[in-house]
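Participant: Sequence:
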Amino acid sequence: MARFATGITVLTTGGEHVHGMTANAFSSVSLEPPLVLCCVARTATMHRAITATGSFAVSVLGAEQEPLARYFAGRGRPRGAAQFHGVDWRPGPFTGAPLLSGSLAWLECKLAAQYDGGDHSVFLGSVLGSGWTEGRQALLFYGGGFHRGVGGAGDGTG
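In terms of the numbering used here, the sequence shown has 6 at position 6, counting the first letter as 1, and numbering is strictly consecutive.
Everything labelled a hint here was simulated from the structure, so no lab data went into it.
In this text, a Cβ means the ideal position worked out from N, Cα and C, and glycines have one as well.
Warning: the hint list may mix true and false statements.
Just the calculated beta-carbon pair ranges, DEER-fashion [claimed, not checked]:
| id | residue 1 | residue 2 | range |
| --- | --- | --- | --- |
| 1 | 88 | 118 | 33 to 41 angstroms |
| 2 | 116 | 82 | 26 to 34 angstroms |
| 3 | 93 | 16 | 27 to 35 angstroms |
| 4 | 4 | 52 | 14 to 22 angstroms |
| 5 | 111 | 31 | 35 to 43 angstroms |
| 6 | 67 | 32 | 24 to 32 angstroms |
| 7 | 2 | 93 | 35 to 43 angstroms |
Start from the sequences and build out the full structure, keeping to the hints where you can.
Facilitator: This is the structure we're talking about:
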């Protein structure tokens, strides 16, 4: 899969199970109704957090946010709310999950279904709200490394 370019997101959960995790296994599923999916290892803290809260948020990272991607991928960061100290974020209006400031786009989702995906679970999320910004490049992952992608367009409402 190293030859398939993907966008980079940070998945987050709020409430008593606040957590963040870098993920590139994320995709749009349906426009009507708006559905997305993310795939999370069954052994990951994020797996337990999503199943406990029944919701998650997604921050789509811009090219200049590689340090955030690396931070939320690192195993040495604090756990719980402490991992967000020093990170610029705001609580999502629907789930309370952290939305990372400066992201290209954000979505908040209610867990609609969970499917077996081998050593991962596929979480299907019903989109509760979204927003985006214009004119910046996306952060991509390809060939084992981070790269700058294309810019976007749109009016930022959703």
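Participant: Would you mind marking each hint as holding or not holding in the structure?
Facilitator: Status of each hint after checking the structure:
Look at residue 88 against residue 118: about 35 angstroms separates their beta carbons, and that is inside 33 to 41 angstroms. Between residue 116 and residue 82 the C-beta distance comes to about 32 angstroms, which sits within the given range of 26 to 34 angstroms. Look at residue 93 against residue 16: about 19 angstroms separates their beta carbons, and that is not inside 27 to 35 angstroms. Hint check: residue 4 to residue 52, Cβ distance near 31 angstroms, so the stated range 14 to 22 angstroms is violated.
As the Cβ distance of residue 111 to residue 31 is approximately 19 angstroms, the hint placing it in 35 to 43 angstroms is violated. Look at residue 67 against residue 32: about 36 angstroms separates their beta carbons, and that is not inside 24 to 32 angstroms. Range check, residue 2 to residue 93: about 37 angstroms between beta-carbon atoms, so the 35 to 43 angstroms window is met.
When each numbered hint is compared with the structure, violations occur for hints 3, 4, 5, 6.
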